[in-house]
Amino acid sequence: MTPLLSIEDLAIEYVTRRGVVRALDEASLLLTEPSVIGIVGESGSGKSTMGLAIGRLLPSFANRLHGDLKLEGNSVFDANDESIRGLRRKRLGFVFQDPMTALDPTMKVGRQLVYAGGDSFGQNEALDLLARVGLPDQARVASSYPHQLSGGMAQRVVIALAIVRKPALLIADEPTASLDASLRDHILDLLVSLRTAMNTGVILLSHELRVVLRHCERVAVMYAGRVVEDGKTSVVFANPGHPYTLALLAAAPGRERPGEMLQPIPGIPPVLSGRAEGCGFAPRCRFAGARCQVERPVARLVANRMVLCHHSERIIDDPQKKDHAR
Amino acid sequence: MSAQLIELVSASVTYHSGPMWARRTVEAVHKVSIEVQPGEIVGMVGESGSGKTTVGKLCLGVLQPTVGKVIFDGHSPIDRSSRRGQMAVVLQHPEWALNPRLKVEMSVAEPLSIQGGIASREKIRRIEEALTMVGLDAGFAQRYPHELSGGQRQRVAIARALITRPRFVVFDEAVSALDVSIQTQVLNLIKQLQTEGGFASLFISHDLAATRYVADRIVVMRAGEIVEQAPVRKFYDRPSHPYSQALFDTIA
Chain A
1 MTPLLSIEDL
11 AIEYVTRRGV
21 VRALDEASLL
31 LTEPSVIGIV
41 GESGSGKSTM
51 GLAIGRLLPS
61 FANRLHGDLK
71 LEGNSVFDAN
81 DESIRGLRRK
91 RLGFVFQDPM
101 TALDPTMKVG
111 RQLVYAGGDS
121 FGQNEALDLL
131 ARVGLPDQAR
141 VASSYPHQLS
151 GGMAQRVVIA
161 LAIVRKPALL
171 IADEPTASLD
181 ASLRDHILDL
191 LVSLRTAMNT
201 GVILLSHELR
211 VVLRHCERVA
221 VMYAGRVVED
231 GKTSVVFANP
241 GHPYTLALLA
251 AAPGRERPGE
261 MLQPIPGIPP
271 VLSGRAEGCG
281 FAPRCRFAGA
291 RCQVERPVAR
301 LVANRMVLCH
311 HSERIIDDPQ
321 KKDHAR
Chain B
1 MSAQLIELVS
11 ASVTYHSGPM
21 WARRTVEAVH
31 KVSIEVQPGE
41 IVGMVGESGS
51 GKTTVGKLCL
61 GVLQPTVGKV
71 IFDGHSPIDR
81 SSRRGQMAVV
91 LQHPEWALNP
101 RLKVEMSVAE
111 PLSIQGGIAS
121 REKIRRIEEA
131 LTMVGLDAGF
141 AQRYPHELSG
151 GQRQRVAIAR
161 ALITRPRFVV
171 FDEAVSALDV
181 SIQTQVLNLI
191 KQLQTEGGFA
201 SLFISHDLAA
211 TRYVADRIVV
221 MRAGEIVEQA
231 PVRKFYDRPS
241 HPYSQALFDT
251 IA
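Read top to bottom, the protein sequences are chains A and B. The C-terminal residue of the first sequence carries number 326 in my numbering, and the numbering is unbroken. The C-terminal residue of the second sequence carries number 252 in my numbering, and the numbering is unbroken.
One should not assume that every hint holds.
Once the Cα atoms are required to be at most 20 Å apart in a straight line, the calculated DMTMM-like pairs of lysine to aspartate or glutamate come out as [what the hints assert, rightly or not]:
no.	chain 1	residue 1	chain 2	residue 2
1	A	Lys-70	A	Asp-81
2	A	Lys-90	A	Glu-72
3	A	Lys-166	A	Asp-189
4	B	Lys-234	A	Glu-260
5	B	Lys-69	B	Glu-27
6	B	Lys-191	A	Glu-256
7	B	Lys-234	A	Glu-256
8	B	Lys-191	B	Asp-216
9	B	Lys-57	B	Glu-47
10	A	Lys-90	A	Glu-125
11	B	Lys-103	B	Asp-137
12	B	Lys-191	A	Glu-260
Hints were generated in silico from the structure; no laboratory data involved. In this text, all values refer to a predicted model and were calculated from it rather than measured experimentally.
Isolated chain A, as found in the complex (with noise of 0.2 Å):
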């Protein structure tokens, strides 16, 4: 069986003013069917350029070095213009920050659906849809304009445009960074729910550890435009095998006892402009030694997860962790 996504290797660069940097340095990721994977990282780890390289959305200034990405056994990179848009129409969906900037202001919320929907798709089913994605009085919601609706109906019917085709893979990029906190689960239980109700397979990219701990059944960690670790959400976060997963537990507020210190990272998130020859990750880490400086790490099976660093065993055997990670 073909993989529904395998990215093997990409490294992307954007070409500014300012210089090269280096978005994606190597990234592999693979879904051999569809689930609900979230990934995670801080701005500038290369999350979105690689949700935006899934269905070639990226800009112009931006190369591709090497690798590859397929969707359904197919090149991306290697498609013509025609089949590309295809792709974009009946194969993937993307669900962006904001709502009111991925709607058309101009036109009403139903014929939008109906337009995206394509010939058998009619204003009956465009109700339908929005029943489905848990928008009460369906009739005014698509008789009306984006302005007219909130942030968290907005991005609902961002969800039904983008599901209308029945997606292969839904890829949703901080999907509700820009609403509130009472909406948040809400959406993220939508998106979760269409696993299963219509097979598709769910990206979900965010900043937030916690709602891809509640969510997402497996997790991929970003860091440095590399996928550092990957695996079942419940075997990395109970026991972090890469040293970034590990402090980004340990810094996030929430979980702390009343008094308790968070125990920050050190320094910050690096702008890569080539190729890192040692691990990314190593100046802010408290396990590096001097291989980790001049050796890239490579991908490895430690402990049920893929894990991108020299010292995994030892970091999910440290004893001190425990109380870290918690």
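We have chain A already, so just place chain B on it with the hints.
Chain B alone, transformed into the frame defined by chain A:
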């Protein structure tokens, strides 16, 4: 004189919009009463539009309540010129809060210049002291904001807020735009500076987890009203109002 440093006594704020023949009014804050004691960090959480920022503005005296009173250090209304240097604010986006054409030293020294009466030699010493306090090397004084990372810019904004040694600081979504790993650095910095400097503060955020970490007491706002006000311990255990519980559940 009351024991409170700052006190809102059932303050309401009404905003007007639209042309005068079709006036629309919105009551952004309705009968809010808050007290902040010297040396206390009060956290304020709520979703967008709940009136958090309006309360912050009331406390700073940049906005007068439509009804009710704001008392700062026994005085009401707040006379900002005589309170110069006693209050400060740190905002969400340091890239907008810092003038991109000014060197860090100029930005940081601005509150001192406004306060006036400080010799330039003393000023330089105070800039250095403020930057060291927030964990930045004195060499940063010569840089421009675009040469700094997000976390460093927010540190500069904090240094500027604290240079006059204010008694009251408002942090309005001060860590929301920062990445997780940087956010904790800044939260720890706020906690540590508060312990050393003893200023009182209002920490406004939509993120209960971060607020709970820095605050002594938490105020939950919804639709312009306070729905719950309790010591921070309660927000580690189980808050009582249904809305606070919903917020609590999102981070549990």
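Index of numbered hints that the structure contradicts, given in increasing order: Failing hints: none at all.
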